[in-house]
Structures are given as structure tokens and as C-alpha cells.
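For the protein sequence lines, the chains are F and D, in the order given. Using my numbering, you'd call the opening residue of the first sequence number 76 and step up by one each time. Using my numbering, you'd call the opening residue of the second sequence number 76 and step up by one each time.
Keep in mind that a hint or two might mislead.
Here chain D is said to cover these stretches of chain F; the calculated rule only asks that three of the stretch's residues, wherever they fall, bring their Cβ under 8 Å from a Cβ of chain D [unchecked claim]:
| hint | segment |
| --- | --- |
| 1 | 104-113 |
| 2 | 120-128 |
| 3 | 189-200 |
List time: in silico SDA-like cross-link candidates among lysine to any residue, alpha-carbon distance up to 20 Å [what the hints assert, rightly or not]:
| hint | chain 1 | residue 1 | chain 2 | residue 2 |
| --- | --- | --- | --- | --- |
| 4 | D | K142 | D | V178 |
| 5 | D | K166 | F | S122 |
| 6 | F | K106 | F | Q190 |
| 7 | D | K166 | F | D113 |
| 8 | D | K166 | F | K106 |
| 9 | D | K166 | F | Y126 |
| 10 | D | K106 | D | A140 |
| 11 | F | K166 | D | Y126 |
What the hints contain is simulated information worked out from the structure, not anything from laboratory work. We put the CB at the ideal spot given by N, CA and C, even for glycine.
There are 2 protein chains.
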Amino acid sequence: MKNIDISYTDSMQAEEAFYQAFRAHDIELMKQVWQNTDDVFCIHPGSSRIYSFDLIIASWAHIFAVKEEINIQVSEVGYQQDTRTAIHTVKELLRVDNRDLGVVYATNIYHQTEQHGWKMVGHHGTPALTESESRISNSLH
Amino acid sequence: MKNIDISYTDSMQAEEAFYQAFRAHDIELMKQVWQNTDDVFCIHPGSSRIYSFDLIIASWAHIFAVKEEINIQVSEVGYQQDTRTAIHTVKELLRVDNRDLGVVYATNIYHQTEQHGWKMVGHHGTPALTESESRISNSLH
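Using the sequences and the hints given, assemble the complete structure.
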């Protein structure tokens, strides 16, 4: 493939690309979204925290390989913005074949890099559990 | 009670106070930790996202009222820092009476305010589920 290098001019563009890559299972686009450093982190719903560009991309490649493509509706986005950091909190509604799969709350963190525009530096996804499921985790907090 | 106003000089101090308040069920200290605005957010493990200082403090007051005090060991902290924003990702080991209750991955976000030092502006806690429990959420990502 071509060795493209996409620079996003703000965190909104980077987030749009993130969900585009996620929806289409486009691992090359997902590579463009993330900052290529060791200190970026990703927590998939119900999973442990992963560090580093390489391991995070590997985790998405695995997800894209074993899961069917899903429709993701993003809504209720909240924003916090610093000079070079943007934090978006997002409600993701996941659907397959018009069937609701569930809701995920995600905290997406972007950083304005020196040379490559805005890149994702953190993604933390949480399943919003149903009442019965949440009994498991309600014992935690 | 006294109307104290604590200013934390960095995000580490604010985080220490957060876990101190959490461990001791100290709602007055928890009020000091959070930025008192409407745009702060909190996602308790398995719950929906809550916005605003008032609702977040109410949620902690509820947790403190209905749950027993727990021991929280914080480890494996990762840091990202911008001018006035700090993002900590934390592994919380929760224990009661020497019994492991579970592991939570938390993303804690702090902001350096104009007048009140560093305050928490976001907390996102995820239960790290056991293998059987994670089947529920593995269908999401």
C-alpha cells in the first residue's frame, strides 16, 4: 500500500477518521489516527490497558479480523480542550443488522503533534452494562 | 463543617486526595478534588456518564452511603501532560477485608484552574472483567 501520512487539523477530524476506521475495519486508516509513540494507551471494553502504537494497532487488527463490521452511531459528545490536548467523551451505539448490540461510553484523547497534526493518544471504552450485568461491577464502586 | 478551599499544586496531589477521599468515604474532601463546573464528567464502572459537579458529588455521596469502605491500591500509573491538563491512567486494585474485590482501570483527568490549583475534571472507571464476565462486553469491540 501507499505510505500515506494524513495530518488532521483538529481533534474533530481525527475522531471522524477514528470512527471511520472502526466502522470499516480499515487498519491502515487506524494507523493514521494514532500517535506513533510508546506512551499512547487503549482500553477496549472489559479488557486490560494496552500501551504503545504497535500493540494498540495489533489489537485493532485482531478485532477487525475476528469481528464482523458494525454500525457505530456516535452521540452526546462532550468536549474538553487545552492548548494541545482535546478530550472527547462519546456515547457509542453499536448495531449489527439493525440489531442493537449495546452502548459503549468512550473517552477519546487527542494531542496536537509537532509534525503530524492531531493524533489519538488514548482511547478508553466502557460497556454500559444492563441492570443484571452491572451487578458484577456495582460491587466495585 | 469549615468551608475549606484546598488548592493542589499539581495533578499528583489532586490524585492523592481523590483516592484518599475515595478510601475514607470523605465527601467533603471529594468536593475539594473536583472542579466545580457543569462540564466535568464521571463514568463509574458499568454506569452511564454523569455530568456536572453537583451530580457527580451526589453520585459519590450515594456510593459512600451504600458501600462499605474499601482498600484501594493504585499502581501502574501512566501520565500524559499538557500545559494545563494532565491525564493519568491508573490500575486500581480494590480489596475488602483482605479479599480481592476486583480490578478497575481508571482514566483520571485534571485541569489547572485559574484560582484553585489542579482539579479533577474527568474520571472514567472500567471494571477489568474476568474471562466469563468479559464475554458480555467482548461482543461490543
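Taking the hints in turn, this is what the structure says about them:
no., hint, verdict
1, 104-113, "violated (count 0)"
2, 120-128, "holds (count 6)"
3, 189-200, "holds (count 4)"
4, D/K142 <-> D/V178, "holds, 17 Å"
5, D/K166 <-> F/S122, "holds, 12 Å"
6, F/K106 <-> F/Q190, "holds, 16 Å"
7, D/K166 <-> F/D113, "holds, 18 Å"
8, D/K166 <-> F/K106, "violated, 26 Å"
9, D/K166 <-> F/Y126, "holds, 13 Å"
10, D/K106 <-> D/A140, "holds, 15 Å"
11, F/K166 <-> D/Y126, "holds, 13 Å"
This entry does not satisfy hints 1 and 8, going by the numbered hints stated previously.
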